[in-house]
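Undergrad: Relying on the hints, combine the two individually framed chains into one complex.
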Amino acid sequence: MAKKKSVKDTSKFLQLRSVESGYGKLQILFGVDMDINPSDITLIIGPNGAGKSTILKSMFNLCDVYKGKVMYKGKDITKLPTHDRIKMGIAIVPQGRQVFSGLTVKENLEMGAFMTKEKELINTRMDEVLGHFPVLRKKLYDNAYSLSGGQQQMLAMGRGLMQDPQLLLLDEPSLGLAPKTMQEVFEKVKEIRDEGTAILMVEQNAKAACEFADKIYVLEEGRVAMHGGREILKSDKIKKIYLGGHEK
Amino acid sequence: MSIATQLILNGIIAGAIYALVASGFSLIYGVTKFMHFAHGAVLATGAYLLYTFAVMAGLNFWLAVVLAIMVTSLFGAVMNWVVYKPLRKIKASSAVLLIASIALMTFINAAVLAIWGADVKTVPTVNPVFDALGARVTFIQVIIIVVSILLLLALWWLMKCTKLGKAMRAVADNKEVAQTVGINPEKIYTYTFIIGSFLAGVAGVLIGIEQNLYPQMGVSLVIKGFTGAVIGSLASIPGAVLGSFILGLVENIGIWWLPSGYKDAIAFVLLFIFLLFKPSGLLGKKVREA
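Protein chains in written order, with the numbering used here: chain E, 49 to 296; chain A, 19 to 308.
Derived by calculation from the structure, the hints in this document are not laboratory data.
Hints are not guaranteed to be accurate.
[Claimed, not checked] In silico DMTMM-like cross-links for lysine to aspartate or glutamate, where the CA-CA straight-line distance does not exceed 25 Å:
no.: 1; chain 1: E; residue 1: K282; chain 2: E; residue 2: E259
no.: 2; chain 1: A; residue 1: K193; chain 2: E; residue 2: D190
no.: 3; chain 1: E; residue 1: K73; chain 2: A; residue 2: D149
no.: 4; chain 1: E; residue 1: K127; chain 2: A; residue 2: D149
no.: 5; chain 1: A; residue 1: K51; chain 2: E; residue 2: E155
no.: 6; chain 1: A; residue 1: K178; chain 2: E; residue 2: E168
no.: 7; chain 1: A; residue 1: K181; chain 2: E; residue 2: E176
no.: 8; chain 1: A; residue 1: K205; chain 2: E; residue 2: D132
no.: 9; chain 1: E; residue 1: K263; chain 2: E; residue 2: E239
no.: 10; chain 1: A; residue 1: K181; chain 2: E; residue 2: D132
no.: 11; chain 1: A; residue 1: K178; chain 2: E; residue 2: E155
no.: 12; chain 1: E; residue 1: K117; chain 2: A; residue 2: E194
no.: 13; chain 1: A; residue 1: K181; chain 2: E; residue 2: D175
no.: 14; chain 1: A; residue 1: K107; chain 2: E; residue 2: D175
no.: 15; chain 1: A; residue 1: K205; chain 2: E; residue 2: E259
no.: 16; chain 1: A; residue 1: K181; chain 2: E; residue 2: E168
no.: 17; chain 1: A; residue 1: K107; chain 2: E; residue 2: E68
no.: 18; chain 1: A; residue 1: K178; chain 2: E; residue 2: E166
no.: 19; chain 1: A; residue 1: K193; chain 2: E; residue 2: E155
no.: 20; chain 1: A; residue 1: K193; chain 2: E; residue 2: D112
no.: 21; chain 1: E; residue 1: K282; chain 2: E; residue 2: E68
no.: 22; chain 1: A; residue 1: K178; chain 2: E; residue 2: D175
no.: 23; chain 1: E; residue 1: K165; chain 2: A; residue 2: E194
no.: 24; chain 1: A; residue 1: K205; chain 2: E; residue 2: E166
no.: 25; chain 1: A; residue 1: K109; chain 2: E; residue 2: E68
no.: 26; chain 1: E; residue 1: K288; chain 2: E; residue 2: D262
no.: 27; chain 1: A; residue 1: K181; chain 2: E; residue 2: D88
no.: 28; chain 1: A; residue 1: K193; chain 2: E; residue 2: D212
no.: 29; chain 1: A; residue 1: K205; chain 2: E; residue 2: E155
no.: 30; chain 1: E; residue 1: K238; chain 2: E; residue 2: D83
no.: 31; chain 1: A; residue 1: K181; chain 2: E; residue 2: D212
no.: 32; chain 1: E; residue 1: K135; chain 2: A; residue 2: E194
[To be verified] Label-pair ranges, simulated between beta-carbon atoms:
no.: 33; chain 1: E; residue 1: E168; chain 2: A; residue 2: I21; range: 58 to 68 Å
no.: 34; chain 1: A; residue 1: A75; chain 2: E; residue 2: D190; range: 50 to 60 Å
no.: 35; chain 1: A; residue 1: W174; chain 2: E; residue 2: K135; range: 53 to 63 Å
no.: 36; chain 1: A; residue 1: K51; chain 2: E; residue 2: G79; range: 29 to 39 Å
no.: 37; chain 1: A; residue 1: M88; chain 2: E; residue 2: T172; range: 33 to 43 Å
no.: 38; chain 1: E; residue 1: Y71; chain 2: A; residue 2: N230; range: 45 to 55 Å
Yeah, the Cβ is synthetic: ideal placement off N, Cα and C, and Gly gets one too.
Chain A with its partners taken away, still in its complex shape (with noise of 0.2 Å):
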């Protein structure tokens, strides 16, 4: 087994995670232009939901999937009608929003320890592993990265060919023009968190398969995701998938030099170093001040 081809390995597989996160988190940040950091409390909502289902109520492992993900879209509409919505209408700025997203994640990090426990929950699964290319390669590490792609490539489709993604960009871009051509923007945002979310379900029920649930795992993950966008572009998808796999990798390979316990700190670190000289992220455009 080649440790370089384990450590890139699980650099794409970390990646592909990250950029489901960023991906959703860049979508919601591109149209509505406000930081939705509950979007990580929504990502741990999927797993738990996913847990609920299949272990708890004992539904078939796909039909628990198929319901924890379309729960979780939900959840993220109803955030939007029932936070953002109200204080959109009240023209609360972008700050404001971002300190209601904050609280948001807060609360449900909340909820999810008073409805579930703190002690960490597993969803069992069969998991044979694989020897690919040197490096040992897990049934659900397979899946994860399959999912991602298909997934990533559908929200490509979705924004450049279909009428809605078109819509979401109009709006993303200028909102006051698009009223004038009679697209609501209250219906975009609202597909938007739909959308987003629906991603962030899919991320949730994958770390569930594959990794232990705890309630602050939306926590870390948003942060990557984050990062990953940050790395990229924020406001560009494309951008922050590739900053999310960049992240995979950087985090997995360096660990080769450093104790694995600087893994997180690898991610900070490449965060500060792209806020300070590339804000705008390796895909985004320079922003010019007034």
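If we strip away everything but chain E, and leave its shape as in the complex, we get (with noise of 0.2 Å):
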């Protein structure tokens, strides 16, 4: 995939400000600040039902925003309805290895490409998603459903390629996978963000995914609790966040 433009003003990329979300009357986030550069891994890891995916749910008008502002390059997408989040150039690949399970590999890429109009355009971003994820040109024509699910997994994620995002938010991608697939999905994701497009990843494996990181945020009951480098792993906070207090 061509490598994108690179955007003038870094520290507007994308920034949440004293966010405040959930799901009707249940809040699940509590003033949440975070800063995202383009063409960075930022990784948000945290406990159980700290709130890890209602941040990406968040930025794509997935749950309710009671207070505080989504701001992407500069403008309030708070209010702003997913077709339109998608024209600007953010894409998200949900939880759980979710795929068009009924349709076809290449129908599902063809999804991902839903806004674009130009079929022209549609065939040459599937050529270079395909190139990041050759095991799905051999199984263009099979339905998703018979897919493992690693492959599940790279279909998901080339979905949201498909719509050439700036932004591309992964929620869990590492789920249910085994050891060495989930390795190649960290893979796919360090080469995607090696091309430019920057990721804000959910994820509970967070000594596999710090390795790659360059920025992380760690949640605690829907809060941020601690954020920098890699470096902040050696934190005893960390530990504390993870054991509940009871560090070992």
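TA: As structure tokens, then:
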């Protein structure tokens, strides 16, 4: 995939300011602030129920944002409909290897470019995506349900890339994958970042994912507990968060 | 004239009508995930609109046919906007939507009765009879078979080869993921109701030309369409079509041995057999309980 144009003001790529969000009356996030740089892999880690996936959903209009702002390239997108966010270059790969199981691999990828009208552009993007995930090329006309778990995850990521995003939101891409497949998926994530797509990734498998993350946010009970580079993994606070306050 | 050939031909004609009803029903069920039983009332509306335009208003017959089908398609979309969309907005369950569809069917049947009256109506047409393969067939019956087959092929093409059809299948498959690629499910539901009601409108017009019209006609036809869909597979259009032809053939061949009054009973017996022993239908995937 061709390297993307660099974003001029990197400090204004994606910002969350005092975001409070949840689902109906159930508030999950409490005043979350984040700054995501272009061409970075930003990782969100934290224990179950900390609100990691809700951060991604807040950026994609898939949950209720009660307060605060989501700013993308200097524009307030907090109330923007999902399809307008896609047009602005944001794509999401939901948790759980979610593909259109009754559609073929090719049809899944075509649906990824649903907002694109030019057929030639869709074909070009499909070629690029299949370049990233050659295993899908052999299964182009197979139904997605017949793919293995790892292949389904790659298809879900490929579908996200069909929108040629500048920011890719990945929700637990390694969930339920064998260690070898998980490593393959993480390699692909790095490849995508190296080609200029910013990645914001939620991951349970913190140890493996932190190895290649540029920036890490640690979430605890709907609040940012810590953030910084890989060095924060050595902090005692991390152990407390993950082990419920009982250090080993 | 061979009785067997005649019964098979009658079965194919009945199956073609049931297939049109079942394909629309199955399309709406597959995408929206609830059983739109008012689909039968939409069909009856199509038949009565043909009567209104062709007989009461005295319009050109073909213009009346086109108008009846167009208004019926729009009627389906209006039903979706006025009744089902507000229910979806408050996150009503499929059971609530099913109850709403039965209420809607009852309401429309009553409205048809109030507007056009209880007496049987007829749309007069020229309908020559032919002998084909030792059986007697009318011109309109030939039209029914040809139109049904052409429409079912067009529907298959729409679902497999067009962007709209793929988006409809994507929403049917996973509505939440469909939203993440920019598909607006509400728009897709509108298109689904328009296409499903178009098929019901065509079925209504074809029945209106061939048979008498009466206010409850949609109820028995939607039950036949539903039975056909259950036999083949409720969520699969090819399954619904296959099931409908099987139902048409079994019903018509069955009355060789049974009195013709048992025709509807045959459909219900088949429905019970499939619900008991093969609820996923002939082409359906086995659903594993969580």
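Undergrad: Next step is simple, just say for each hint if it's right about the structure.
TA: Hint by hint, here is what the structure shows:
For the suggested pair K282 (chain E) and E259 (chain E), the alpha carbons sit about 13 Å apart, so the restraint of at most 25 Å is met. A threshold of 25 Å between alpha carbons decides the hint, and for K193 (chain A) with D190 (chain E) the separation of about 21 Å falls inside it, so the pair holds. Taken as a hint, the K73 (chain E) and D149 (chain A) pair is broken in the structure, with Cα atoms around 70 Å apart against an allowance of 25 Å. Straight-line distance between C-alpha atoms of K127 (chain E) and D149 (chain A) comes to about 67 Å, which puts the hinted pair past the 25 Å bound.
Distance check on the hinted pair: K51 (chain A) and E155 (chain E) sit about 22 Å apart at the alpha-carbon level, within 25 Å; holds. A threshold of 25 Å between alpha carbons decides the hint, and for K178 (chain A) with E168 (chain E) the separation of about 20 Å falls inside it, so the pair holds. A hinted pair counts as satisfied when its Cα atoms are at most 25 Å apart, and K181 (chain A) with E176 (chain E) qualifies at roughly 21 Å. For the given pair, K205 (chain A) sits about 16 Å from D132 (chain E) by alpha-carbon distance, which is consistent with the 25 Å threshold.
Of the pairs offered as hints, the one joining K263 (chain E) and E239 (chain E) holds, with about 17 Å between alpha carbons and a cut-off of 25 Å not exceeded. Our distance criterion of 25 Å between C-alpha atoms is met by K181 (chain A) and D132 (chain E), whose separation comes to about 19 Å. For the proposed pair K178 (chain A) and E155 (chain E), the alpha carbon gap of about 9 Å is at most 25 Å, so the pair holds. For the suggested pair K117 (chain E) and E194 (chain A), the alpha carbons sit about 23 Å apart, so the restraint of at most 25 Å is met.
Distance check on the hinted pair: K181 (chain A) and D175 (chain E) sit about 19 Å apart at the alpha-carbon level, within 25 Å; holds. Only pairs whose Cα atoms come within 25 Å are accepted, and K107 (chain A) paired with D175 (chain E) is rejected, the gap being roughly 39 Å. The suggested pairing of K205 (chain A) with E259 (chain E) is violated, with an alpha-carbon distance near 43 Å, which exceeds 25 Å. With a C-alpha separation of about 15 Å, the suggested pair K181 (chain A) and E168 (chain E) falls inside the 25 Å cut-off, and the hint holds.
For the given pair, K107 (chain A) sits about 23 Å from E68 (chain E) by alpha-carbon distance, which is consistent with the 25 Å threshold. With a CA separation close to 19 Å, the supplied pair K178 (chain A) and E166 (chain E) stays within the 25 Å bound. Proximity of K193 (chain A) to E155 (chain E) is assessed by CA-CA distance (about 16 Å); at most 25 Å being required, the pair is judged to hold. The straight-line distance between the Cα atoms of K193 (chain A) and D112 (chain E) is roughly 18 Å, inside the 25 Å bound, and the hint therefore holds.
Between the alpha carbons of K282 (chain E) and E68 (chain E) the distance comes to roughly 29 Å, so the proposed pair goes past 25 Å and is violated. Restraint check for K178 (chain A) and D175 (chain E): the C-alpha separation of about 21 Å stays at or below 25 Å, so the hint holds. In summary, the hint linking K165 (chain E) to E194 (chain A) is supported, as the alpha carbons are separated by about 22 Å, within the 25 Å threshold. This hinted pair checks out: K205 (chain A) and E166 (chain E) have alpha carbons roughly 21 Å apart, not beyond 25 Å.
Taken as a hint, the K109 (chain A) and E68 (chain E) pair is honoured in the structure, with Cα atoms around 23 Å apart against an allowance of 25 Å. Our distance criterion of 25 Å between C-alpha atoms is met by K288 (chain E) and D262 (chain E), whose separation comes to about 22 Å. Proposed proximity of K181 (chain A) and D88 (chain E) is contradicted: the alpha carbons are some 34 Å apart, above 25 Å. Proximity of K193 (chain A) to D212 (chain E) is assessed by CA-CA distance (about 22 Å); at most 25 Å being required, the pair is judged to hold.
This hinted pair checks out: K205 (chain A) and E155 (chain E) have alpha carbons roughly 20 Å apart, not beyond 25 Å. Pair hint K238 (chain E) plus D83 (chain E) holds up; C-alpha atoms about 20 Å apart against a cutoff of 25 Å. Restraint check for K181 (chain A) and D212 (chain E): satisfied, since their Cα atoms lie roughly 19 Å apart, inside the 25 Å limit. With a C-alpha separation of about 18 Å, the suggested pair K135 (chain E) and E194 (chain A) falls inside the 25 Å cut-off, and the hint holds.
For E168 (chain E) paired with I21 (chain A), a C-beta distance near 59 Å keeps the hint of 58 to 68 Å intact. The beta-carbon spacing between A75 (chain A) and D190 (chain E), approximately 54 Å, falls within the hinted interval of 50 to 60 Å. The hinted range of 53 to 63 Å is not satisfied by W174 (chain A) and K135 (chain E), whose Cβ atoms lie roughly 32 Å apart. Against the hinted window of 29 to 39 Å, the Cβ-Cβ separation of K51 (chain A) and G79 (chain E) comes to about 37 Å, which satisfies the hint.
Between M88 (chain A) and T172 (chain E) the beta carbon distance is about 39 Å. The supplied range of 33 to 43 Å therefore holds. For Y71 (chain E) and N230 (chain A), the Cβ-Cβ distance of about 54 Å falls inside the hinted range of 45 to 55 Å, so the restraint holds.
Checked against the numbered hints listed earlier, the structure breaks hints 3, 4, 14, 15, 21, 27, 35; every other hint is satisfied.
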